[in-house]
Structures are given as C-alpha cells and as structure tokens.
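Protein sequence lines, in the order shown, are assigned to chains A and B. Each residue of the first sequence is one higher than the last, beginning at 1 in full-length UniProt numbering. Each residue of the second sequence is one higher than the last, beginning at 1 in full-length UniProt numbering.
It is possible that some hints are incorrect.
Simulated pairs of lysine-lysine, DSSO-like, Cα-Cα distance not exceeding 27 Å [as the list claims (entries may be wrong)]:
1) B:K24 to B:K10
2) B:K112 to A:K10
3) A:K8 to B:K112
Simulated from the structure, these hints should not be mistaken for laboratory data.
Number of protein chains: 2
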Amino acid sequence: MKLIYSGKTKDVYENDDHYVLKFKDDVTGENGVFDPGANSVGLTMEGAGKAGLRLTVFFFEKLKEAGIPTHYIDADIEQAEMSVRPASVFGEGLEVICRYRAVGSFLRRYGKYAKEGQPLDAFVEVTLKDDERQDPPISADALEMLGILDHEEYSRLKELTQNISGVVRDELAKKDIELYDIKLEFGRLDDGTIVLIDEISGGNMRAYQNDDYMEPLELEQMMLSSK
Amino acid sequence: MKLIYSGKTKDVYENDDHYVLKFKDDVTGENGVFDPGANSVGLTMEGAGKAGLRLTVFFFEKLKEAGIPTHYIDADIEQAEMSVRPASVFGEGLEVICRYRAVGSFLRRYGKYAKEGQPLDAFVEVTLKDDERQDPPISADALEMLGILDHEEYSRLKELTQNISGVVRDELAKKDIELYDIKLEFGRLDDGTIVLIDEISGGNMRAYQNDDYMEPLELEQMMLSSK
Chain A
1 MKLIYSGKTK DVYENDDHYV LKFKDDVTGE NGVFDPGANS VGLTMEGAGK
51 AGLRLTVFFF EKLKEAGIPT HYIDADIEQA EMSVRPASVF GEGLEVICRY
101 RAVGSFLRRY GKYAKEGQPL DAFVEVTLKD DERQDPPISA DALEMLGILD
151 HEEYSRLKEL TQNISGVVRD ELAKKDIELY DIKLEFGRLD DGTIVLIDEI
201 SGGNMRAYQN DDYMEPLELE QMMLSSK
Chain B
1 MKLIYSGKTK DVYENDDHYV LKFKDDVTGE NGVFDPGANS VGLTMEGAGK
51 AGLRLTVFFF EKLKEAGIPT HYIDADIEQA EMSVRPASVF GEGLEVICRY
101 RAVGSFLRRY GKYAKEGQPL DAFVEVTLKD DERQDPPISA DALEMLGILD
151 HEEYSRLKEL TQNISGVVRD ELAKKDIELY DIKLEFGRLD DGTIVLIDEI
201 SGGNMRAYQN DDYMEPLELE QMMLSSK
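Next up, chain A with everything else stripped away, as it sits in the complex (with noise of 0.2 Å):
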C-alpha cells in the first residue's frame, strides 16, 4: 500500500482500486484536553484508533441501512483499517457541521443572539479546512463563487447533513446520549455523486449524557456495548 496523505487522526493509502483509511491513535485537542473542533493532536490515548474505527464502522453500517451513500466499504477492526471508495474532497477540504446546540465556535461567533447550550434545529454550516485561518466559515455564495461547490451541490450537502445527524442524533438518544453537534466530510466519486467520507466517531462530535460532556473513548464504548 502507498502512503498517499497522512492527516492529523488518520493516514491514507491507496491500494489497487480503492483507499485504506489507518486510524491512529491521536485525537485533537489543545494542552491534553479533546476538543474536536481543534485544528491540532493534543493527546494520543492508547486503544483511540480502533474504538474511533469501531464507532465509525457501527454509524456507517446504520447509513447503509437508511439508503445514505458513504466511502465506506469494509473494515478491518485489529489492524484499525478501513477500505473506502475514493473520492475527491471539495476544493482543499470542507468541514459540514450540523448543530442541535449553541456551544463551540458556534456560541464564540454568535453569542451576542444566542445563549449557551440553546437548542438550534439541525443547524448546517460549512467552514473550510485550512489551519492556517482557522477554518473559517463560508456561505453558499462564496463556495460557488470560488469554485468550491455549486448552490445545488450546496443544497444536496445541507440535506445529507442533516439525514446523517438525524441518524447520529437517533443512535446516541437510544443510550440517553444528547448530540450537540456533529462535523462531517463529503467528497465527490467519480461518477459525480456525493458521499460521507472520513469517519463518524466520538472525534468528531460533541455528545452529552445528563449534562456531562462524554470523552471520546467513553462515547464509543457506551455506543457499543451490549446493554
């Protein structure tokens, strides 16, 4: 396998007709502390890479169900690998996020209007991937006008947003689990069509259980233990 990108959870390899996804074992954060809106690898925690796969394998087995396309194709859960379709990312990468409630970047920009933890109704916005300005927000307009996305691309990106959150959202509330809001990935296949990409896990969501925020590694396993 070919070492095609190497990210800040994961790496990418490219393997005949499809690409392998390696999950490790660092989350982002800042000073030790998760935050999974952080643009850098706080903490490494032993076990992260595998519960993260485990996590993702469960959600997108639930898409698949509900008819929603994603990358994904199998997973090999011991060697924390995922096989997926490929896809390209829009632009240099987008980041989707849907919101339940006002916390995060969301509560920094806006908190003038809005109180925090104020439910929001499947809030969608996008921000771009890029360190650098610190993923900064963008509208619809400015993606099209910038070549990133189209307003009917954008449309279609809303909609899936919000079908997956919903599924995330029902998943989490069957273990008495709140999402407050949840950051997603899409790329084009080659056909055209859009798809999930990345991964689903405690990484890349804000959940609560009787207002207490849960660690990743503790979100995964309360998702996917038996009782």
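Given the structure of chain A, go ahead and fit chain B onto it with the hints provided.
Relative to chain A, chain B alone:
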C-alpha cells in the same frame, strides 16, 4: 433634539417625527491609519464629517433617482446634519458588504482560494455588528434561525446591496475611480419597508485610482469636484 445614540463616527438625535444624524470628524482606523473595516476610531480629520455628509447626500440623491429606497430626507451641510426617517436595524445591527475585488477580511478568510485583488462578481456577505467578536460573518440560515432576518428579507437585502453598490461603482467609474468593496447598513421603516440607512461616504468603501488607494477625504474631494 434628544441624543439617542452616540456612534464611532456619528451621533443620532430624535427631533419630532424624524431623526437627525450628526456627522463627526472622527474616522475608523488603527494607530492613526484609516481603515474602513476597523472597529475603533483611529484618527480625527478636520472637515471629515462635512465631507462625508456631502458625498452621502450626493449618493442618496442618485439612489432616489434610481428608485432605490433610503432613509434620507434632507441635509444641512454647514451643521454636518442629515435628517432621516426613523428605521429600526436588524437585530443589534448588521453590515452588508459588496465586494468587487478580494481584499480586506475576505482575503484574510479565503486567501487559500483567492488571490489579492482578484475580481469578485458583486459578492455580498453579511456580518454582525459586534466589536467584541470582531464582526463575525453570518449566513442567511443563521440570520433566520437567530430571528434577525428571514430568507425573504435576506434576498431583498442582497438585491438592494447589489443595486446600490452598482450605482456607487458607476459614479466612481465616471471619475476613473474603481470601487473594490463597500459596506452598507439597512433598516426597516415603520411599515416594514427595507431601506438603506446610515451613510455612503469614503469611510465605508475602498476605492482605488491607478492602483493607488484613495483616502476618504481625497475620494470625497475628487467625487464632488466639477471637473
């Protein structure tokens, strides 16, 4: 007249059934350098208030001819005062920016995808007036969710912004001056009509002649000279 608001570059008084804007000689900027995007008063220039009002009246009269609604009634240049119809702002105030070239905060946010000075097709974006949070950009979806502006009003705001900016751009072009970007404010009259409010002067636009940036006073002199 009763002072009802004291702004960075203007005071607002109530006088019977209308408001009076008193233009000050203060302009926004930092460390003595003018910057239309700055949030603080950077310097005081004698005559800046009257010059800004003169240019504002010039543009508001042009907009009237073009059938574009504004809050303008009339002005007393010597007193640096403009009488306007009372209008309420959206939320605690928005700024609507129209961009013809990629400079300023647009470039700071989207520099990964845009080159400095690159032409932009009358691109419109909205920011919240919130000094504490550095006037964050906000999407149509977020404006509606936070109860500031609905989608229909957003479309109207965008249309008005492009029309008004086009009038300003054309007037500048007659003097061989190029408009790079402009910042507008809007409000609702008692009957709900959305109108342009505040001012249109050198202080809320970036204008260039032969690749040289024009200071507000220089721009105002040039625009109002009979040559």
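- Message: Tell me the hint numbers this structure goes against, listed in increasing order.
- Response: none
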